[in-house]
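Visitor: Using the hints, position chains B and C against chain A.
Protein chains in written order, with the working numbering: chain A, 1 to 243; chain B, 1 to 592; chain C, 1 to 351.
No wet-lab data here; the hints were simulated from the structure.
A couple of the hints might just be wrong.
[To be verified] Under the rule of at most 25 Å between Cα atoms (straight-line distance), these lysine to aspartate or glutamate pairs were calculated in the DMTMM-like manner:
hint	chain 1	residue 1	chain 2	residue 2
1	C	Lys-320	B	Asp-34
2	C	Lys-320	B	Asp-236
3	B	Lys-526	A	Asp-228
4	B	Lys-526	A	Glu-212
5	B	Lys-429	C	Asp-274
6	B	Lys-415	A	Asp-228
7	B	Lys-526	B	Glu-486
8	B	Lys-415	B	Asp-130
9	B	Lys-526	B	Glu-476
10	B	Lys-429	A	Asp-228
11	B	Lys-269	A	Glu-19
12	B	Lys-526	A	Glu-89
13	B	Lys-429	B	Glu-525
[Unchecked claim] Computed footprint of chain C on chain A, listed as stretches where at least three residues anywhere in the stretch have a Cβ under 8 Å from a Cβ of chain C:
hint	segment
14	72–83
15	94–101
None of the values given here were measured: they were computed from a predicted structure.
Cβ atoms here follow ideal geometry from the backbone N, Cα and C, with glycine treated the same way.
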Amino acid sequence: MSTALLEIGGLHVSYGRVEAVHGVSVALLPRQIVSVIGPNGAGKTTLLAAAMGLLPSLGTLRFEGEDLHGLDVEARVERGLCLVPERRELFGELSVQDNLQLGAYAGRLRRDALRRRLDSVYQRFPRLAERRAQRASTLSGGERQMLTLGRALMSAPRLLMLDEPSLGLAPLIVSEILAIVRGLRDDGVAILLVEQNARIALESSDYGYVLETGEIALAGESAALAGDPRVRATYLGGGTDDE
Amino acid sequence: MAERGAGRLLIAVVAAIALAPLALGSFAVGLLDDIGIGALVALGLVLLTGVGGATSFGQAAFVGIAAYASAWLTTAHGASPWLGLPFALLLTGLAAWLIGALTLRLGGHFLPLSTIAWGLSIPLLFGNIDALGRHTGISNIPPLQFGPWSLITPRAIYTLIWLVVGLSCWFSHNLLHSRAGRAIRALRGGATLLGSVGADAYRVRLTLFVTAALFAGLAGWLYAHANRFVSPSPFDLRASIEYLLMAVAGGLGQLSGALVGAALVMAVKNALQDLLPLLSSRGSQLDSVVFAALFLLLLQYARGGLMGFLRRKIRSRAGRPALTAGPAVAPLPRRSLPPPGTPLLQVAGAVKRFGGLVAVAEVSFAVSAGEIVGLIGPNGAGKSTMFNLLTGTLPMDAGSVRFLGQDISAAAQRKIARLGMARTFQHVKLRPDMSLLDNVALGAHSRTRGGLLAAGLRLDRAEEAQIFAAAWAQLERIGLAERAHEPAGSLPLGTQRLLEIARALAADPVLLVLDEPAAGLRRREKQALLELLRRLRAEGMTILIVEHDMAFVMGLVDRLVVMNFGAKLVEGRPAEVRADPRVQSAYLGVGA
Amino acid sequence: MTWEVALILSADGLANGAVYLLAGLGLVLVFSVTRVVFVPFGDVIAFSALTLAAFEAGRTPPTIGLVLTLALLALAAELWRLARRREFARMPRALLLWGLLPALPCVFAWAVAGRTLPAVVTIVASIALVVPIAPLIARVALQPIADASVLVLLIASLALHFLLSGLGLLFFGPEGFRTEPLVGGALTLPGGFPVSAQTLLMIAAAIVLSGLFYLLFERTLHGKALRATAINRVGARLVGIRPARTAALAYGGASLLAGLIGVLVAPVTTMYYDSGFIIGLKAFVAAIIGGLSSYPLTAAGALAVGLVESFASFWSGALKDVIVFGMLIPVLLLRSLLVARVEDEEEEIDG
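Here chain A stands alone, though its shape is the one from the complex (with noise of 0.2 Å):
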């Protein structure tokens, strides 16, 4: 797999004095779109989190085949790798073109370059270009995703990953931000994508893994992955079968 954009391998990530990922292995191409799904608590944020570089990890961890474990967070920003995390992790204080602004730091751009991509973030979330001027902090929950996806955005990364995109979003507003991510893969970029919502994951992936108490149960290309018995009754619709 000399191929590989990002290379996880046996990776182990401790939480204070609990471990809570175990010789876990994910490995994306570039251009391809990879979900990791598995129910809340099963380790994916953690994953992600060491990936980036905010929890130290034991194990192989590369990009374009530079081992990750010396480089600190922003060094990793630098690279073009990106989070868009969970918990948001917005400026609430400081408005919405600031926010983006901030997006771009690691690029150092010049005045009109940093013009030209803010135009173009804004091109493809309108709804943040009405709300410029507002604090972060009063935007609604699908404005805020829309605000860290456009963040995100702004430092033209190379491999984006996400913490659960669909987190406390209207379906609507869920498959709109999915279609800008399809379109980010054909731009050339290579998405990491952490779900709980399997279906919205396996739908939008080209390839996936279930992570299980920290650990891979099962990994496979997503259209099969969506087939497995064992992910239809544990992820796919609350364990019904009669749908």
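Guide: This is chains B and C only, laid out in the frame that chain A set:
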């Protein structure tokens, strides 16, 4: 084995301290007197900072208040020094209560910053009050009289000082292993954790702050009558920092750190005063630089202090206390549960906003005694927020909640907990360094009354035995009794959730509110949890549960409330809810 | 008290308030970015004033030795850290940043010392010389424990103050100094009431500098990055803002402010090696009025502290400090009544 080893060490230390004056010259005995007085102040700081997580840069000012109080009373009014003691403690306690009441409700840094201002102002006041001798201070303070003996020499007062130190250590040790002590040790877990077991974090912190100040007051009283002279400078900010340095150097994590730290700092200070003038002509100016540098190094490399370092070495060899349920005692009185079917909880039109986000929008539902109700919905639907509104963890923006016939819409979290609503947290709130048993015993806080004084004097032992019997029973119930003395932080996350249930049960609740109890559990553990919850229902317990594992929820609950985007979507029996097309589309999201 | 006296006291109070305003801005700047209550801030003020006094007396300021000592310590700490991580390639850059950069103002000051030059040059040299101090001590003592609790940071910060004031005594000696006024003369207000030009300068400096502060934070990307770090540390890291770098920037800014304050107060107060502490502490009172976060409230608090101090000194010179600190009581009382139960009210959106 470890117990006996520690006991022997304690006896050896006590014997050494008792015999020291026989072997040492009067200079060394005087130094030991100073160490004892410093250790008393440091002991208060270990409790306050090391255990309670708050600190004071004004401890020397408390020492000063007590010293001046007793000095003034005995010189200006000719009172007995023994009368000076209650007077000194009263003034110190009042001063501490006042400053604590002002600052402890505020966030972390207000207390320490205020104590800096306090630590500066008090010595300034001493230096400007005529009755206190201004900058010259008060001299000719009478020594303590003990029958025919006058404790006028360092050697004579030695016994008294170290007796007081010994008793204070004993008191503190007892305190930490008591109901009040568990609340103090839980302070670092946050006000929400304490509120959820019916304790008031503010009051716990205030009591702790006053206790620490009283230890300083005791030291001040001894200081005044040992030195028989007081002036403002030994009570200034620099002195406060020195006391803090003692506590940090010895180790904030254990009581013995206060003794070791005081000895360490005093010894180093003495050595520096001898050595530095040899090194440079300005040597005497250097000692504050050296002290500050040592302090900074300590913070960087050995924040646990000397005792923390030793303890890590020793702990790896130490055994665990025996695993027994303790002696049979009369169980704690239990609440009478309302008969099944009576209305228990009514939520009407609850609203919660975070900025522009409406997390809970006009939700109403009711729970009757004896049933298990599930609150389900996709991630971010507002379920945990709803729980936080019910339990008083977050204030509501609109709507009302009635519990057991009382309006609890605006009630404090601890009051709701005391009424009989016990909860667990989605993001586990346990004290990782406390044992499983202590964590569960914390849950019984609201069922018992033992106070700080009773705890320190070991008058609470009967109640403690009852608490531990109750805690033990709950630990056995979740199958963790054989790990009772391990630190809670060593458990896997899923098991920590079970421990939170045990803690909630220790409160003898009417309503159990569980936030995702099955997350992170393996299949067999989930099965055990399922059986536990069914058994509880059979015993008459009412349970409200948020859970994502649908198989788990469907097999357990009597009724379901489904939330989506902060609003209530559907309510009904599991089969009805499952068949409802709105629920299917909410859960299955896009395209369903 | 006559109207005349009250007016004089008010003018003094405003000048004091201007000083506390600038100091308060520096303290809030450092705290909001690093969570450190930066107690040594006041010491930097004193060092700047004493440096200017040394220039005026035609001596080489001892500050040079102090800064070089600190630079050596910081350089050693940085090289040690890099060596342990085996990142030898980064060492030249560290040498440049922690060794050479702080030495530049030292060279400048050394060249200026003992010459007869316009006052403005010595003032610039004094300020430039103290600018490295805060970033250097922060690098040595605070950055290694940046993840510690606010409490540990505060203890370290206080210990740092004692270290600096001890070094101050060693380098500057126990004597006090007062410098020539930066501007002479006085202005007569309508009504025949005179105000010294120095007082006006202090007030003007406070207004201009706080205006600049506002522009920096509201209009530049780096200013916003500073604020972003303060608002959400994790969020800041995720967009590539290095907290350690913003912290160094904040410390540098604070040092600069302290240098300016030192030069402003040197002509009106006799400064000793440890006089800065009490100035810093009163600025804390102002900052606490502002909740350690709000710049406008801190400004209002600073003016209040200045005025109270001025009037209190008329009443009792010895107890004026106690009275100023006593101001904390009503402020804290009000805050604790208002705060009631926000403690845990951070967003807890379930996931």
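Visitor: Please name the hints from earlier in the document that this structure breaks, with their numbers sorted from lowest to highest.
Guide: 1, 5, 6, 8, 10, 11, 12
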